[in-house]
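K.L.:
Residues per chain, in single letters:
There are 2 protein chains.
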Amino acid sequence: MIKKINHIAIVVPDLNESMRFWVDALGLELDHIENVPEQSVDAAFLPVGESKIELLRPTDDESGVARYLAKRGPGMHHICFEVDDIEASLARLKSLDIPLINEEPITGSGGKRLAFVHPKGTGGVLVELYQLPPKNSPIPEL
Amino acid sequence: MIKKINHIAIVVPDLNESMRFWVDALGLELDHIENVPEQSVDAAFLPVGESKIELLRPTDDESGVARYLAKRGPGMHHICFEVDDIEASLARLKSLDIPLINEEPITGSGGKRLAFVHPKGTGGVLVELYQLPPKNSPIPEL
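Line order of the protein sequences matches chains A and B.
Per our numbering, the first sequence starts with residue 1, numbered consecutively.
Per our numbering, the second sequence starts with residue 143, numbered consecutively.
Just so you know, these hints were derived from the structure itself, not from any lab.
Check the hints yourself; a few may be wrong.
[As the list claims (entries may be wrong)] Each computed SDA-like pair below joins lysine to any residue, with the alpha-carbon atoms no more than 25 angstroms apart:
no. : chain 1 : residue 1 : chain 2 : residue 2
1   : A       : K3        : B       : G191
2   : B       : K262      : A       : K3
3   : B       : K145      : A       : L96
4   : A       : K3        : B       : R162
For clarity, every value in this text was computed on a predicted model and none was experimentally measured.
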């Protein structure tokens, strides 16, 4: 059901400043930075093993990430797990009355399907589930 | 330098209660629970991919984990990275004036060597570094 940790998301006020620790000091490599409009953040992706560190900088003052930063300060924001079958995962969570932020999967960049589980149901941790599109989906021959 | 995420540590007030989400709902497997006296916690280990979720329940009221729980409530506590050479990692951090909780590695269970980096130097994230003993260290023949 759960394949691996896809990423750990960390809220930062300034991406360039945060590179001093994660890249210069710790030695991770910056893969790329992209704007993620649906979360109102700029995100920096730093691969580590089979997972990634994602540094999130809010691009407005109203989004969930911006309000988290204002309230709690910089730090770990959520953990994202890759699952085989996000519908099955959400059905299992619902059957146990775990509160969900997204009752149905939403589609993100690259065709991944994702949903957030409410921290009320996890013991204080914001949990994201990803189902990635299959890498080897057959391409029809023309 | 950094090999992978070894674990994500999550502070919980009650290990049994927390299994409802992490095991029953999310579908992770509980590998084992052990007492970790040097951190004054009982720790539950739940493997996921090449990493683990570690649920930490304080066993006293004075330890760092207990004070974190009292101040911030349950949630993500620290992220632990496996490194090849912990002395080299600490030297690099010191050379950039990153504040460390452990200036020198301490030895934990199973012979692993570990050190914590202060959240002041990471942008609000408590970071732990692990160097595991080699798995294939030669056993002298008798």
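K.L.:
If you draw a straight line from the CA of K3/A to the CA of R162/B, is it 25 angstroms or shorter?
P.N.:
19 angstroms, holds
K.L.:
Hey, K145/B versus L96/A, does the alpha-carbon distance stay inside 25 angstroms?
P.N.:
Not satisfied, since the Cα-Cα distance of roughly 36 angstroms exceeds 25 angstroms.
K.L.:
Going straight from one Cα to the other, do K262/B and K3/A come out at no more than 25 angstroms?
P.N.:
33 angstroms, violated
K.L.:
Has the given pair, K3/A with G191/B, been kept, meaning a C-alpha gap of at most 25 angstroms?
P.N.:
Holds: K3/A and G191/B sit about 6 angstroms apart, inside 25 angstroms.
In this structure, the hints that do not hold are numbers 2 and 3, in rising order.
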